[in-house]
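Given only the sequences and the hints, what does the whole structure look like? Please build it.
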Amino acid sequence: MSESQIAGQGHGALLEESPYAIPSRKFTMWLFIISDSVTFGAILFAYGYLRVATPNWQRPFESASVINVVLMTFVLITSSLTMLGAVDASKAGDKPKAMRFLYSTIFLGIIFAALHIREWFQLFGRNITIGSGTFGQTFFTITGLHLLHVICGVIGLLAVSSLYSRNQLTPGHVETTGLYWHFVDLVWMFVVPLVYLTNIAH
Amino acid sequence: MDSTKISGNVIRKYLPVYFVLLGIFLVEVFLAFRDFSTSSLVLMLLFLAVCSAGLGLMYFMHLNQERRGLFLTLIPVTIFVLLMMNMFWTDAVRLLHMRPPGE
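Same order as they appear, the protein sequences are chains F and R.
Using this note's numbering, the first residue of the first sequence is number 2, and each one after it goes up by one.
Using this note's numbering, the first residue of the second sequence is number 14, and each one after it goes up by one.
Think of the hints as simulated: they come from the structure by calculation, not from any bench.
This structure is a prediction, so every number in the text was calculated from the model and none was measured.
We put the CB at the ideal spot given by N, CA and C, even for glycine.
One should not assume that every hint holds.
[To be verified] Below, a sample of chain R positions facing chain F; criterion: calculated Cβ distance under 8 angstroms: (1) S52; (2) S53; (3) L61; (4) A66; (5) M74; (6) E79; (7) G82; (8) P89.
Below, the structure is given as structure tokens:
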């Protein structure tokens, strides 16, 4: 490339095409998701070993807690579906529909967090806290980290929807935020069976 | 093309995946109430969780629509790291038993 072409097009033209044919922001989100999944993987592996190796592990969850978890899972998977709708509508240029789907996802995220906190308070009422033994330590660490991700996701979705409605962000940004939201859903699919369903009182 | 029509289709397109994910979850709940040993239950639930995660990755996160290179760059490496972690944790338990007396 000649110097005059560089002057006209900038140095960006000299860069190679992305090997994955996706925007850099999307690739960055994928890398974040991979690193975050390794973090959750480490915590869940540690929990799994502790759980299997401890004979008198506390099993505090009764039917009411299981119903709560079923509800939470239903809400989170449904929010993934509404997020898919938001991404698709934004790509199609249907901004009002994308906004409706985004607000639905935010609403479902808030419901999930509220149900999560309700579960925590029920455990607090039975003197199960982060300082009350191995179960409490592992349970509140894992679910707390996940809840933190949900809260960050809701804040991120609020920011993205606000900026997207004012044309300051593109459908690509909505898609990247959607990737994060689906990841939060994906982690929950491991947290529920390992942390809740193996600890049901028989 | 009518954009609203496209948006409606994507929900309908992924509804089967949504119901399969809910179905897998209900199977997990059913298994949790059966009388299995802890290690068997953990293994069964982990297998079902991996199936759900695979569906989520491929369809909700559209990894099946990206270039194969992205999948090959991200997923095998992550699985390798997680499996290596599995080795390290067992080693950590072994070290706990092998520590010198009085420590």
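So, going through the hints one by one against the coordinates:
no.	hint	result
1	S52	5 angstroms, holds
2	S53	10 angstroms, violated
3	L61	7 angstroms, holds
4	A66	5 angstroms, holds
5	M74	5 angstroms, holds
6	E79	6 angstroms, holds
7	G82	6 angstroms, holds
8	P89	11 angstroms, violated
Violated hints, listed in ascending order, are 2, 8; each of the other numbered hints is respected by the structure.
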